[in-house]
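Colleague: Chain X: place on chain S using the hints.
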Amino acid sequence: MAEPALSGPDAGSAVRLRGVSKTYDGGVTALGPLDLDVRRGEFVSLLGPSGCGKSTALRLIAGLATPSTGTVELSHHGAARRGSHPIGFVFQEPTLMPWATVRDNVRLPLKLARLPAADADARIEAALDQVGLAEFAAAYPRELSGGMKMRVSLARALITDPDILLMDEPFAALDEITRFRLNNDLLSLWRDLHKTVIFVTHSVFESVYLSERVIVMTARPGRIGAEFRITSPELRGEEFRTSVEYAAFCREVSNALAPSYAGQAGA
Amino acid sequence: MKSPQDLIRFVLPVAVFAAGLALWEAIVRAYGIQPYVLPSPLLVLKTLVADWPVLSQSLGVTLLTTLEGFVAAAVGGVVLALLFNQSKWLEYSLFPYAVVLQVTPVIAIAPLLLIYLQQQTAVIVCAWIVAFFPVLSNTTLGLSSVDRNLAGLFQLYGASKLQTLLLLKLPAALPYILGGLRIAGGLSLIGAVVAEIAAGSAGAGSGLAFRIAESGYRLNIPRMFAALLLLSLAGIVIYGVLALVSHLLLRRWHESALGKDN
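So the sequence lines, in the order shown, correspond to chains S and X.
According to our numbering, the residues represented by the first sequence are 1 to 267, in order.
According to our numbering, the residues represented by the second sequence are 1001 to 1262, in order.
One chain only, chain S, in its complex shape (with noise of 0.2 Å):
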């Protein structure tokens, strides 16, 4: 099987935690210890039951909470831009302002970077076509469909131009054939722009179908528990999710997967 079609010569290193644990206040640890790298450009699932504090690996990495052991590195091209920020951040839930129009959601982050109104218009025009949401620009979040408001999302985080993709099992609550459609779009968004991201998902299909490499994480405290390297076709689209070799990454990865879920009620 071939490698696949992005790994690139740009191959350096985009984010490395190293000893990172998250212990709360009430004395329980979350995550880790966790080493991970990821390199610039890669596409890494982390894998795991609910609990085992891959939310939280995301929110270290994105800097909304410090770990309490270890370190968090991100290397990044420096803000070249005015209103680029490095890390782009796609919630399980849309997560967007009501009040806002869809344009004034997608506008939030070069607002908050105090970028001209000016400058900010054509760059929002362009990532709202990026995740085919033109005409709507006008609309308010409760006039779209749950998959709609998951591009207005996808489109904010794009928007500051960032160099890592952070999602936190982004697609989760919606119906099977929109999340098709936007693991396929994510897909080329990602091929297009060349972003690195990490995304959290409970889901063995969905990390199979989208990654380069999927990390298995085992339950609370949430540790590597096995890591699959996803090598396809040039290209995925519909007939990978079909294919011979998709059912077999499944299989190993879905067996990787169970310990973590031993001993839990319902599992």
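Source of the hints: derived by calculation from the structure; they are not laboratory data.
The structure presented is a predicted model; accordingly, all values stated were derived computationally and were not measured.
There could be a bad hint or two in this list.
[To be verified] For lysine to any residue, the following SDA-like pairs were computed, each having C-alpha atoms within a straight-line distance of at most 25 Å:
id	chain 1	residue 1	chain 2	residue 2
1	X	Lys1088	S	Thr66
2	X	Lys1161	S	Pro116
3	X	Lys1088	X	Leu1101
4	X	Lys1161	S	Ser203
5	S	Lys111	S	Arg123
6	S	Lys111	X	Thr1164
7	X	Lys1161	S	Pro162
8	S	Lys111	X	Ser1160
9	X	Lys1161	S	Asp104
[Unchecked claim] Between beta-carbon pairs, the in silico distance windows are:
id	chain 1	residue 1	chain 2	residue 2	range
10	X	Glu1255	S	Asp175	20 to 26 Å
11	S	Ala122	X	Tyr1097	48 to 54 Å
12	X	Val1071	S	Asp119	35 to 41 Å
13	S	Asp129	X	Leu1141	35 to 41 Å
14	X	Val1103	S	Ala138	44 to 50 Å
[To be verified] Partial chain S-side listing against chain X, Cβ under 10 Å, derived:
id	residue
15	Arg59
16	Gly88
17	Phe91
18	Ala113
19	Arg142
Built from N, CA and C at the ideal position, the CB exists for glycine as well.
Modeller: Quick look at chain X alone, frame taken from chain S:
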């Protein structure tokens, strides 16, 4: 009035109102009840028209007091909530006193205020005391119910405290603030009335509540009813205006302002 259902909801209370008035008028006539015991609705209306010069002036006084108390309550409540939101120390130090002020009946505080403050000021302070608490507690609730992930996003993009306040916390709290203001509107009218009755002053500066008390002493019961009617109407208008403002501000995005079909 789009559907028959809406029509019924409008017609029924009006019909009950009309029937009540008719019954009232009929009983007064049938038993020949004297106006100083119970005036008929028609007489109340006539008195309202005849005494309009006196009553309208009093209405103006009471409305102005209510408005001043309401504005003070709105500004005071929101500003205090913002300060509490910025500083936990301030909140812990002062919030109990806001509660004390709220749970002590204003009618018991009013005579005391009248000793220390000028009458007009005392009346406004009374209206403020009654009305500011719902604004304060609602705004506090609103400011602290900001979506956790949205707050995280603001943190991620390095938003300043002011940006977070103006672009996130205040808009998120707006529905709560407006809810508080709607309650405060009616309460500031109550506060103004209570203080007027406690003050009991006569002359040009006397409001509707004073007219009610005064008419009571003079057994001018029709005027009592007329003044009461005006107070009630004032309360309804205040509520209606605030509900309309709230609807206009929220109709594009908030659940409370959306129709059932959306």
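Colleague: For each hint, tell me whether it holds in the structure or not.
Modeller: Cross-check of the supplied hints:
{"no.": "1", "hint": "X:Lys1088 to S:Thr66", "verdict": "22 Å, holds"}
{"no.": "2", "hint": "X:Lys1161 to S:Pro116", "verdict": "20 Å, holds"}
{"no.": "3", "hint": "X:Lys1088 to X:Leu1101", "verdict": "20 Å, holds"}
{"no.": "4", "hint": "X:Lys1161 to S:Ser203", "verdict": "38 Å, violated"}
{"no.": "5", "hint": "S:Lys111 to S:Arg123", "verdict": "12 Å, holds"}
{"no.": "6", "hint": "S:Lys111 to X:Thr1164", "verdict": "11 Å, holds"}
{"no.": "7", "hint": "X:Lys1161 to S:Pro162", "verdict": "23 Å, holds"}
{"no.": "8", "hint": "S:Lys111 to X:Ser1160", "verdict": "11 Å, holds"}
{"no.": "9", "hint": "X:Lys1161 to S:Asp104", "verdict": "20 Å, holds"}
{"no.": "10", "hint": "X:Glu1255 to S:Asp175: 20 to 26 Å", "verdict": "23 Å, holds"}
{"no.": "11", "hint": "S:Ala122 to X:Tyr1097: 48 to 54 Å", "verdict": "53 Å, holds"}
{"no.": "12", "hint": "X:Val1071 to S:Asp119: 35 to 41 Å", "verdict": "40 Å, holds"}
{"no.": "13", "hint": "S:Asp129 to X:Leu1141: 35 to 41 Å", "verdict": "40 Å, holds"}
{"no.": "14", "hint": "X:Val1103 to S:Ala138: 44 to 50 Å", "verdict": "47 Å, holds"}
{"no.": "15", "hint": "Arg59", "verdict": "7 Å, holds"}
{"no.": "16", "hint": "Gly88", "verdict": "9 Å, holds"}
{"no.": "17", "hint": "Phe91", "verdict": "5 Å, holds"}
{"no.": "18", "hint": "Ala113", "verdict": "7 Å, holds"}
{"no.": "19", "hint": "Arg142", "verdict": "6 Å, holds"}
Violated hint for the displayed structure: number 4, the only one.
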